[in-house]
Amino acid sequence: MCNVWRSDAAELSPAEIGAIFADLRRAGIRLVEISGGEPLLRPDLPELITILDRLGFLFTMTTNGALWRDDVVETLRRSRGAVQLAVSLDSLRPDVYRLLRGRDCLPTVLATIDRLVEARLGMPLKINLSLSRHNVDEVFDILEHARRRGLYLSVFPVNNGPGRVHSSDDPLMAASEADLHRMAEVFRELARLRRRGEPLWEFSGFYDRAAEFLIGSSPVECGAGRLFLDLHADGQLAPCVERRPVADLRLVKVAEALARVAAQADAVAACARNTPCCYSCTVNVSLTARHPVQFALEALRVRLKRFVRFHSREDFRGD
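Sequential numbering of the sequence shown, starting at 1, is according to my numbering.
A few of these clues could be false.
[What the hints assert, rightly or not] Pairs of lysine to any residue, SDA-like flavour, derived with a Cα cap of 20 Å: (1) K253 x V32; (2) K253 x A27; (3) K305 x H145; (4) K253 x L31; (5) K253 x L55; (6) K253 x R30; (7) K305 x F295; (8) K253 x F57; (9) K305 x R192; (10) K253 x P14; (11) K253 x Q236; (12) K253 x E16; (13) K305 x Q294; (14) K253 x A19; (15) K253 x I20; (16) K305 x L193; (17) K253 x A22; (18) K305 x E198; (19) K305 x R147; (20) K253 x D230; (21) K305 x P124; (22) K253 x D234; (23) K305 x V293; (24) K253 x E11; (25) K305 x R195; (26) K305 x D141; (27) K305 x R196.
Read the hints as simulated data drawn from the structure, not as lab findings. Please read all numbers here as calculations on a predicted model, not as lab measurements.
Work the whole structure out from these sequences, hints included.
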């Protein structure tokens with residue numbers, strides 16, 4: 001789903017990012033996800049984090065874990081707005097990791113995760129797992145890997161359910177009906193575990209909906225363009241990662257760009273009907289907004305269980 005590497009467009013400079021994000025802040029945007037591609041490839045990443053802090057944003061960051069940078073880690077440690085850091089880890093098996101990621105980086109990524117735990121950044125750390133037929137049998141092993149280190153696990157399906165034609169529509173990810181039902185069973189179990197207080201990041205309703213998605217039931221109404229936006233590294237703004245950009249924020253003000261996004265509402269609704277996806281941004285955000293009390297109770301249960309585990313096990317953080 002991360003196709004930004006296919007673009008050869010020039011990335012925004014820090015000065016451009018400062019001006020654009022000041023405009024976004026005035027327009028009411030409050031939370032930013034720094035994603036990619038791989039954000040640690042930008043040598044000026046600490047400067048960009050400082051800009052977000054200065055403007056009063058909350059932000060999260062996702063990395064593939066293949067790089068370690070002391071300057072970024074120290075900047076995150078000092079940041080006022082950092083609320084969560086995620087490392088993508090789709091397999092604990094070297095052959096599967098290489099198949100899905102294209103590189104033999106698993107030992108480096110595992111070492112990065114442990115170094116981040118040791119760094120004690122003062123924010124939730126989590127593992128991101130994109131579930132496919134290749135790693136469906138590893139989910140609970142990866143959950144245990146996260147649990148032993150005091151991490152959360154975030155799981156979402158590769159969007160290859162029946163009739164899905166989004167960017168994950170790749171022969172590598174093609175799944176049989178039996179594969180889809182097996183993945184659906186895993187998501188149902190994740191929903192049950194989340195309700196029990198296991199360290200899973202998403203609302204249990206998201207995991208239930210992911211199971212339905214995989215066997216052909218459409219997810220809830222999409223929040224693209226209303227609850228979230230996708231800003232490309234070159235300044236192009238789109239309703240979400242699967243929709244085409246509608247404005248270049250280097251050339252137009254945010255208010256005009258948001259008006260263009262709003263004009264895409266019918267197209268977004270048609271996309272949700274005809275080619276639904278099940279990213280955590282589309283479904284988890286919408287479901288959480290609709291069920292805030294249930295979400296809050298689940299989150300409290302997870303925190304309490306982690307607290308008890310931390311104080312009852314000397315080996316909580318793993319070795």
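- Query: Can the restraint linking K305 and R192 be considered satisfied, given a maximum Cα separation of 20 Å?
  - Reply: Given that 20 Å is the threshold and the Cα spacing comes to 15 Å, the pair holds.
- Item | Agreement of K305 and V293 with the hint, judged by alpha carbon distance not exceeding 20 Å | holds, 18 Å
- Holds or violated: K305 to R196, with C-alpha atoms at most 20 Å apart: holds, 9 Å
- Item | K305 paired with D141 [C-alpha distance capped at 20 Å] | holds, 19 Å
- K305 paired with L193 [C-alpha distance capped at 20 Å]: Holds: K305 and L193 sit about 12 Å apart, inside 20 Å.
- Task: Sort out whether A19 lies within 20 Å of K253, counting only the CA atoms.
- Result: holds, 10 Å
- Message: For K253 and P14, compute the direct alpha-carbon distance and say whether it is at most 20 Å.
- Response: Status holds; Cα separation ~17 Å.
- Message: Holds or violated: K305 and R195, Cα atoms, limit 20 Å.
- Response: holds, 11 Å
- Item | Pairwise hint evaluation, E11 against K253, where the allowed Cα distance is 20 Å at most | Holds: K253 and E11 sit about 18 Å apart, inside 20 Å.
- Task: Starting from K253, check that the Cα of V32 is at most 20 Å away, please.
- Result: The given pair, whose Cα atoms are some 18 Å apart, holds under the 20 Å limit.
- Query: Do the alpha carbons of K305 and Q294 lie within 20 Å of each other, as the hint requires?
  - Reply: holds, 17 Å
- Given hint E16 paired with K253 - CA-CA distance at most 20 Å: Within the cut-off at roughly 12 Å; holds.
Of the numbered hints listed earlier, not one is contradicted by the structure.
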